Amino acid sequence: MKKYIDTGKKDTRSGFGVGLLKAGQADKRVVALTADLKGSLKMDAFAAEFPERFIQCGIAEANMVGAAAGLAITGKIPFIGSFAEFVTGRVYDQIRQEVAYGNTNVKIASSHAGITLGEDGATHQTMEDIALMRALPGMVVLNPCDFNQTMQATIAAAKYEGPVYLRFGRPSVPNFTPEDEPFEIGKAIVLNEGSDVTLIATGHTVWESLLAAEALEAEGIKAEVINMATIKPLDEKAVIASARKTGAVVVVEEHNMAGGLGEAVAGVLARELPTPMVFVNGEDKFGQSGTPSALMAAYGLDALHIAEAAKKAVAKK
Amino acid sequence: MAKTNEELKQIATQVRRDILRMVCMAKSGHPGGSMSSTDVLTTLYFNEMNQNPVTWRRDGKGQDMFILSAGHMTPVYYSVLARAGYFPVSELATFRQMGTRLQGHPSIRKGLPGIFQASGSLGQGLSAAAGLALGKKLDKDDNFVYCLCGDGESEEGQIWEAGMFAVFHKLDNLIAMTDWNGKQIDGPVDQVAGEGDLAAKWEAWGWRTIVADGHDFEAIRKAFELAKAGKGSGIPTMILFKSEMGHGVDFMAGTHKWHGSVPKPEQLEDALKQLGETPLGDF
Chain A
1 MKKYIDTGKK
11 DTRSGFGVGL
21 LKAGQADKRV
31 VALTADLKGS
41 LKMDAFAAEF
51 PERFIQCGIA
61 EANMVGAAAG
71 LAITGKIPFI
81 GSFAEFVTGR
91 VYDQIRQEVA
101 YGNTNVKIAS
111 SHAGITLGED
121 GATHQTMEDI
131 ALMRALPGMV
141 VLNPCDFNQT
151 MQATIAAAKY
161 EGPVYLRFGR
171 PSVPNFTPED
181 EPFEIGKAIV
191 LNEGSDVTLI
201 ATGHTVWESL
211 LAAEALEAEG
221 IKAEVINMAT
231 IKPLDEKAVI
241 ASARKTGAVV
251 VVEEHNMAGG
261 LGEAVAGVLA
271 RELPTPMVFV
281 NGEDKFGQSG
291 TPSALMAAYG
301 LDALHIAEAA
311 KKAVAKK
Chain B
1 MAKTNEELKQ
11 IATQVRRDIL
21 RMVCMAKSGH
31 PGGSMSSTDV
41 LTTLYFNEMN
51 QNPVTWRRDG
61 KGQDMFILSA
71 GHMTPVYYSV
81 LARAGYFPVS
91 ELATFRQMGT
101 RLQGHPSIRK
111 GLPGIFQASG
121 SLGQGLSAAA
131 GLALGKKLDK
141 DDNFVYCLCG
151 DGESEEGQIW
161 EAGMFAVFHK
171 LDNLIAMTDW
181 NGKQIDGPVD
191 QVAGEGDLAA
201 KWEAWGWRTI
211 VADGHDFEAI
221 RKAFELAKAG
231 KGSGIPTMIL
241 FKSEMGHGVD
251 FMAGTHKWHG
261 SVPKPEQLED
271 ALKQLGETPL
281 GDF
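These protein sequence lines map, in sequence, to chains A and B.
Quick note on numbering: this note's numbering labels position 5 of the first sequence as 5, and the sequence is numbered without any gaps.
Quick note on numbering: this note's numbering labels position 160 of the second sequence as 160, and the sequence is numbered without any gaps.
These are computed hints drawn from the structure, not numbers from a lab.
In this text, all values refer to a predicted model and were calculated from it rather than measured experimentally.
There may be inaccurate statements among the hints.
[Unchecked claim] Under the rule of at most 25 Å between Cα atoms (straight-line distance), these lysine-lysine pairs were calculated in the DSS-like manner: (1) A:K159 <-> B:K228; (2) A:K159 <-> B:K140; (3) B:K257 <-> A:K28; (4) A:K28 <-> B:K137; (5) A:K28 <-> B:K242; (6) A:K159 <-> A:K222; (7) A:K317 <-> A:K245.
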């Protein structure tokens, strides 16, 4: 199996912070807005270098979305940052009208997504955000897997013309993708080739899926691992090609079943190539307080559970 | 060239005729608030705004911009835009029909010139307008951003979020207006939500607050003049235009019942007779 080196654990939100600064340096149209979460979103460096282009909105997310849309209409490239729940569920209608329907060039920087937000508990842990954003016509949905990829995804989002939902998180996770690999929106990345089962993962669960593939290899099961950092538009060709090759698919995500990557992949395969599938996700539950790793284990999103799911998928063939 | 009050009055009369004919042809739409804000929007587009239908572009560079936060007032908005030359007045006949550029609520997706942003879900336009105003500040573009809200709409909390934001960011190039007609779908505003004294509230929020008669062209002009004089003060301006829902037609005036209802054919005939014809002609 292809080896990936963890160059040191880092949080994906810090990858966003670096990416935002680089995007701001490359293009003066980039502006950043936050609703009293500058530090949490790692916007400090951008704010220090471009004080005029950093816009503090206070704890008023609805207005932040509208103000960003207005800025975008005048030609700016606004990134709005808050916790995932507060830039999706809390402001769904604002995003729908001002950003998606209004087709404004707004980038939604969504930090602390999923249960790995940890100790704050369920009010702050959204497991529904991908479903909400996927449902909006034309919205691009990105969920990069580590620091480097989040940095690159941020730069790609700034260059892309149109609404983007960029999802990342709080915990430090292995940083293993190449620092200089440009992020290509809509392109799946095959991290490991395999012939027995496909593991399609997104976000924090990508590294766990690599660990699961290693464990499976020891048992003689060759798992293909796909990093699906773009959830919408989904790389359907990559999904179909891999499913055709392995004949069994597991989809892994730190998100609930309803409306997530699992259903997106299932939709493609049901239409094009019905394939035995197993889903690893937060099912139909709210989160709770705990450390990120304890929560990932408790909700069955770690390598151990992914490997079990892969064996179930193989058995369904 | 600036219009005289008489000329504005004539245009406004024609706009009210357009509004009623549009909603009757579409058998739907919102005439009440459209008629209460007709005189203000007519003055805005024909006398106050630095705008040009020929060179119009969505990013508003080098021109004033306008956001209709109370998006249901499309009949007056489309009529004023058409009469100002943004698109042919004949197109008003397509209002709310399949395939039209004149969607029930403003859309930027149909290529209708003059529309800067989608609206309809209430309470959001003032935020967008604040974003436009901030964008102009960053670009050192000296033009104004105007925004029209409803008083019923101002029950939405986001209006007050935007109010705080505009003061904090010193958006003195933002001129907001409220069509203070005192009515909303379910009844008089003070019986539906207890909104209270909007003037006192906006003043408390830190805005330069002007109250003016929304049906007196001289008063409307003066209000805009005063609002524009706020440039350089670092403070945004709110003009509260006291108005009457359904203004201009006796059986429609002053009642919430015409917020989203359409006159019957014989009522339309009566209403058009009351308004009288103008040399501008119907679409």
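Tell me the numbers of any earlier hints that the structure contravenes, in ascending order. 1, 3, 5 and 6
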